[in-house]
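Next come the chains, spelled out residue by residue.
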Amino acid sequence: MSIRCRFHMEYLVFIVLLILLHGSRGEVPTRPISAVTILPPVKPDDGPQAFPNADKANLPVFTMDYPRIQIPFEITLWVLLASFAKIGFHVYHKITIWVPESCLLISIGLIVGGIMFSVHEEPPAVLSSNVFFLYMLPPIVLDSGYFMPTRPFFENIGTVLWFAVVGTLWNSIGIGMSLFAICQIEAFGVQDINLQENLLFATIISAVDPVAVLSVFEDVSVNEQLYIVVFGECLFNDAVTVVLYNMFNFVAEMPVVEPVDVFLGVARFFVVGLGGMGFGVLFGFVAAFTTRFTSRVREIEPLFIFMYSYLAYLVAELFAISSIMAIVTCALTMKYYVEENVSQRSCTTIRHVVKMLGSISETLIFFFLGVVTITTEHEWNWGYILFTLLFAFIWRGLGVLVLTQIINPFRTIPFNMKDQFGLAYGGLRGAISFALVFTLPDNIGRKQLFVTATIAIILFTVFLQGISIRPLIEYINVRRTNRNLDTINVEVHCRLMEHTIAGIEDLCGQWSHFYWKDKFMKFNNRILRRILIRDNRAESSIVALYKKLELQNAMEILDTVTGDISAAPSIVSLYRGNKVAAKPKKKFKAADLKNMHDILSKNMYKIRQRTVAFTGKHALPNDSQTKEILIRRHASIRRSLRPGSFQTTVVPKSHKYFSLPAGKSLDSKFPPGRLSYTGETLKPLLTPQHLMSPFDFTLIWQKTSFLLHLDTTSPFKTK
Amino acid sequence: MGSRASTLLREEEIEEIKKETGFSHSQITRLYSRFTSLDKGENGTLSREDFQRIPELAINPLGDRIINAFFPEGEDQVNFRGFMRTLAHFRPIEDNEKNKNAAASEPLNSRTNKLLFAFRLYDLDRDDKISRDELLQVLRMMVGVNISDEQLGSIADRTIQEADTNGDNSISFNEFIKVLEKVDVEQKMSIRFLH
Numbered sequence: 060m061s062i063r064c065r066f067h068m069e070y071l072v073f074i075v076l077l078i079l080l081h082g083s084r085g086e087v088p089t090r091p092i093s094a095v096t097i098l099p100p101v102k103p104d105d106g107p108q109a110f111p112n113a114d115k116a117n118l119p120v121f122t123m124d125y126p127r128i129q130i131p132f133e134i135t136l137w138v139l140l141a142s143f144a145k146i147g148f149h150v151y152h153k154i155t156i157w158v159p160e161s162c163l164l165i166s167i168g169l170i171v172g173g174i175m176f177s178v179h180e181e182p183p184a185v186l187s188s189n190v191f192f193l194y195m196l197p198p199i200v201l202d203s204g205y206f207m208p209t210r211p212f213f214e215n216i217g218t219v220l221w222f223a224v225v226g227t228l229w230n231s232i233g234i235g236m237s238l239f240a241i242c243q244i245e246a247f248g249v250q251d252i253n254l255q256e257n258l259l260f261a262t263i264i265s266a267v268d269p270v271a272v273l274s275v276f277e278d279v280s281v282n283e284q285l286y287i288v289v290f291g292e293c294l295f296n297d298a299v300t301v302v303l304y305n306m307f308n309f310v311a312e313m314p315v316v317e318p319v320d321v322f323l324g325v326a327r328f329f330v331v332g333l334g335g336m337g338f339g340v341l342f343g344f345v346a347a348f349t350t351r352f353t354s355r356v357r358e359i360e361p362l363f364i365f366m367y368s369y370l371a372y373l374v375a376e377l378f379a380i381s382s383i384m385a386i387v388t389c390a391l392t393m394k395y396y397v398e399e400n401v402s403q404r405s406c407t408t409i410r411h412v413v414k415m416l417g418s419i420s421e422t423l424i425f426f427f428l429g430v431v432t433i434t435t436e437h438e439w440n441w442g443y444i445l446f447t448l449l450f451a452f453i454w455r456g457l458g459v460l461v462l463t464q465i466i467n468p469f470r471t472i473p474f475n476m477k478d479q480f481g482l483a484y485g486g487l488r489g490a491i492s493f494a495l496v497f498t499l500p501d502n503i504g505r506k507q508l509f510v511t512a513t514i515a516i517i518l519f520t521v522f523l524q525g526i527s528i529r530p531l532i533e534y535i536n537v538r539r540t541n542r543n544l545d546t547i548n549v550e551v552h553c554r555l556m557e558h559t560i561a562g563i564e565d566l567c568g569q570w571s572h573f574y575w576k577d578k579f580m581k582f583n584n585r586i587l588r589r590i591l592i593r594d595n596r597a598e599s600s601i602v603a604l605y606k607k608l609e610l611q612n613a614m615e616i617l618d619t620v621t622g623d624i625s626a627a628p629s630i631v632s633l634y635r636g637n638k639v640a641a642k643p644k645k646k647f648k649a650a651d652l653k654n655m656h657d658i659l660s661k662n663m664y665k666i667r668q669r670t671v672a673f674t675g676k677h678a679l680p681n682d683s684q685t686k687e688i689l690i691r692r693h694a695s696i697r698r699s700l701r702p703g704s705f706q707t708t709v710v711p712k713s714h715k716y717f718s719l720p721a722g723k724s725l726d727s728k729f730p731p732g733r734l735s736y737t738g739e740t741l742k743p744l745l746t747p748q749h750l751m752s753p754f755d756f757t758l759i760w761q762k763t764s765f766l767l768h769l770d771t772t773s774p775f776k777t778k
Numbered sequence: 133m134g135s136r137a138s139t140l141l142r143e144e145e146i147e148e149i150k151k152e153t154g155f156s157h158s159q160i161t162r163l164y165s166r167f168t169s170l171d172k173g174e175n176g177t178l179s180r181e182d183f184q185r186i187p188e189l190a191i192n193p194l195g196d197r198i199i200n201a202f203f204p205e206g207e208d209q210v211n212f213r214g215f216m217r218t219l220a221h222f223r224p225i226e227d228n229e230k231n232k233n234a235a236a237s238e239p240l241n242s243r244t245n246k247l248l249f250a251f252r253l254y255d256l257d258r259d260d261k262i263s264r265d266e267l268l269q270v271l272r273m274m275v276g277v278n279i280s281d282e283q284l285g286s287i288a289d290r291t292i293q294e295a296d297t298n299g300d301n302s303i304s305f306n307e308f309i310k311v312l313e314k315v316d317v318e319q320k321m322s323i324r325f326l327h
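Heads up: the protein sequence lines correspond to chains A and B, in order.
If you read the first sequence in this note's numbering, its first letter stands for residue 60, the second for the next number, and so on.
If you read the second sequence in this note's numbering, its first letter stands for residue 133, the second for the next number, and so on.
Please note that the accuracy of each hint is not assured.
[Claimed, not checked] Derived CB-CB ranges, DEER-like: (1) I465/A x S169/B: 22 to 32 Å; (2) S156/B x F378/A: 35 to 45 Å; (3) V325/A x S169/B: 34 to 44 Å; (4) P468/A x D300/B: 52 to 62 Å; (5) L141/B x F329/A: 36 to 46 Å; (6) I453/A x T244/B: 24 to 34 Å; (7) I465/A x L141/B: 49 to 59 Å; (8) N306/B x I526/A: 22 to 32 Å; (9) L254/A x S169/B: 49 to 59 Å; (10) N301/B x K477/A: 52 to 62 Å; (11) E226/B x I156/A: 51 to 61 Å; (12) Q464/A x S156/B: 23 to 33 Å.
[What the hints assert, rightly or not] Listed next, the stretches of chain B that the computed footprint assigns to chain A, with coverage defined by at least 3 CB atoms under 8 Å from CB atoms of chain A: (13) 143 to 152; (14) 272 to 285; (15) 288 to 299; (16) 314 to 324.
Just so you know, these hints were derived from the structure itself, not from any lab.
No residue lacks a Cβ here, since even glycine has one placed at the ideal position from N, Cα and C.
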């Protein structure tokens, strides 16, 4: 369907809204309501008069040609409107804590839809199949795929696939069958819906879209495993749903279903899934390879990411295989190599643009959900719809329960009841269901009923479950006792213990199936990196980490050479005003204690947040904690390797970060007995051997000085 | 020895480690394969660089201290026995062990030993006291950049004040144990090792 047909009405809608906002009278010519068919484009009355007739003597000073800019103009206005709504929510910050953004967007959409309905307008046909699937969905999926935390994801991939595939199947078939049973009851008057149509509808509504839930999970800091499973399930079950939908769609038109068709269906599922992944990986590698050669055209580097991912998506659509899987695997594959090859700025640009596009698409979709709710014709059937809600809820809960029981023995950390509750209750429906139901073929008799039912479910789950999930999760995660009763000792030592445990866990490689990972890393280092990455150096990941983070901070460090690193200007100090008196007091008042507790709880580093830090749905990854730790470590290495006496306060500016200690060359052995970190005493507490060997140190030092001096000395190769 | 054969684990060794640390057979083999995957030099011991290659440890605020805890005083290499001995501190305390006779030598993962591990993270010079400086060092590692030195100093002073009972302005191990008596150390300092 073309998007031209209805957009010309939106100019009027915007006028209406302006009127409402500014309260001024304006000319609002009413146009007749357009039918549900394609309208011919409006002929301009006052077309451009570039060449005035010979009769007219005057040159037109002011002309207007609306139809020419019509479509882009209206698209821009809608996007702006949705974005204003988003700004609006965040003005009053507390709202977004209690009400998920998707609810708010839908509400605004409802309001706008109401306005449009009252002036008898039609909404833009955004939710036509092509527009949604070709333009609005790819940015969202790219966003999810690009910022997916790969390590936890692969560690949990079995569970994720299990829930996504088997869970969706369970839900679809369960709901479909139960609804079919309900249809047999005469009282509801829906006997004309046959089994295939019920299954089709059930598939549509079992597509889970926990966007709202993810942001709640972040805020409440749920168990990392739960988070990644919900996140991954959301991504993959989109793919599964689309496959099932197409399958059932095809089947619904067939009068008789034979066993061979079921078999073919299963085979098709594998083709679709694996084919999608294959295409994605292929495009990912091609993109990585391309970026190897882009060192001279830095400005267009981000373009390649977007073009290749989109291309992967479209090619997959061409062959009717899972485009969502294609784009996700493309992003996953590409990210690792591309971020090594491109410049720092391109890296930042890519991240920002991906986030922006994803955010905008999501906003628009929820917004239009609200709008379309009011403006479509509805067919309401109490029995069918209520039972749909009931079954959706029941089957999801049952599904999670049963599936968890089966998969728990295989998991390193089994899901407990609280996790299962979170998983089941977090099954909100969203955009995909909405889009799919609109693309149902018209020959299905009760299409309107299905549309209404889908919208009802989406609204119900998003509003009710979305709003209530936060208090529920907080309630079942019983809070600890008031921490002000704890002593400072307890707070500090407990955090120390938590960091220790996190460190030991990472050391033991508890969560990774490191056998396969090691094999893959070997293959990666030997072959893939050689082909795909520009300078072939086998970096350890710690060095790569240093590179990315330190370069971003390099200029700031240059500016803040006074004191120690804690004076970096970009970090806003929260506590400058609350300085405790310089002389340590012997007596501590209760207010001071509370102050200390506050300071500690706000400023102590959190335990490694591999997942939550990277998947903020509406925010870019925040690595300031990591930066601080690494920079501090680096500086402590630098300082402790200085020869002779060392006082913190008297370090000359020029020696602070960038130059070697005077008279030292890179290869010199560093004598032991260095001074302590804080430099307050001269007792050697931590020698450089304790920190890092000379070899590794020089390697890392070389890398960072290379970055800071921006020269091109080639680095050592690690052993 | 540099030959690869010497890096294979013999049954007797597994038995000894089992007795000493309490790990099960499969846990020991699993941790052994982790040990070997970390051991890039393939000489049966780990050095500090091997640990530092683990990226998550690099961004752990206490990463260096944790690594240090694996190496006995003054040494630079740790073999598998030493590795397991340190890890044994983090084994969860099983119920049947809680009732063990005090006559048997204290298992590595007893509450006291867990607390000793944590204590040693502060007390680098092994004088059995956490001085104000040592406390400050660790505090500085654990907090962000927004705390000034004075604030941190006050927090350190308060910490010592709360714990110090004999007035020597430092925290001894017994004072450390006392101050954490209400905390569930057994659970906080335990990892579920995979089978």
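Hint-by-hint comparison with the structure:
Evaluation of the 22 to 32 Å hint for I465/A and S169/B yields a pass: the beta carbon distance comes to about 31 Å. For S156/B and F378/A, the hinted distance range of 35 to 45 Å is not satisfied, since their beta carbons lie about 50 Å from each other. In this structure the supplied range 34 to 44 Å holds for V325/A paired with S169/B, their Cβ-Cβ distance being about 38 Å. Remark: the range hint 52 to 62 Å for P468/A to D300/B is upheld by a beta-carbon distance near 53 Å.
At about 41 Å, the CB distance of L141/B to F329/A agrees with the hint of 36 to 46 Å. About 51 Å separates the C-beta atoms of I453/A and T244/B, a value inconsistent with the hinted range of 24 to 34 Å. In this structure the hint that I465/A and L141/B lie 49 to 59 Å apart at CB is violated, the actual value being about 34 Å. Here the CB-CB span from N306/B to I526/A is close to 52 Å, at odds with the stated 22 to 32 Å.
Here the CB-CB span from L254/A to S169/B is close to 53 Å, well matched to the stated 49 to 59 Å. Range check, N301/B to K477/A: Cβ separation about 45 Å, and the 52 to 62 Å hint is violated. One distance hint, 51 to 61 Å for the beta-carbon pair E226/B and I156/A, is violated here, with the actual separation near 42 Å. Look at Q464/A against S156/B: about 25 Å separates their beta carbons, and that is inside 23 to 33 Å.
A stretch counts as covered by a chain when three or more of its residues have a beta carbon under 8 Å from one of that chain; for the stretch 143 to 152 of chain B and chain A the count is 0, and the coverage is violated. Counting residues of the stretch 272 to 285 of chain B whose CB lies closer than 8 Å to any CB of chain A gives 12, which reaches the minimum of 3, so the coverage claim holds. Residue count for the stretch 288 to 299 of chain B with a Cβ under 8 Å from a Cβ of chain A: 6. That meets the three needed, and the coverage hint holds. Closer than 8 Å: that is the beta-carbon criterion, and the stretch 314 to 324 of chain B has 8 residues meeting it against chain A, so the requirement of 3 holds.
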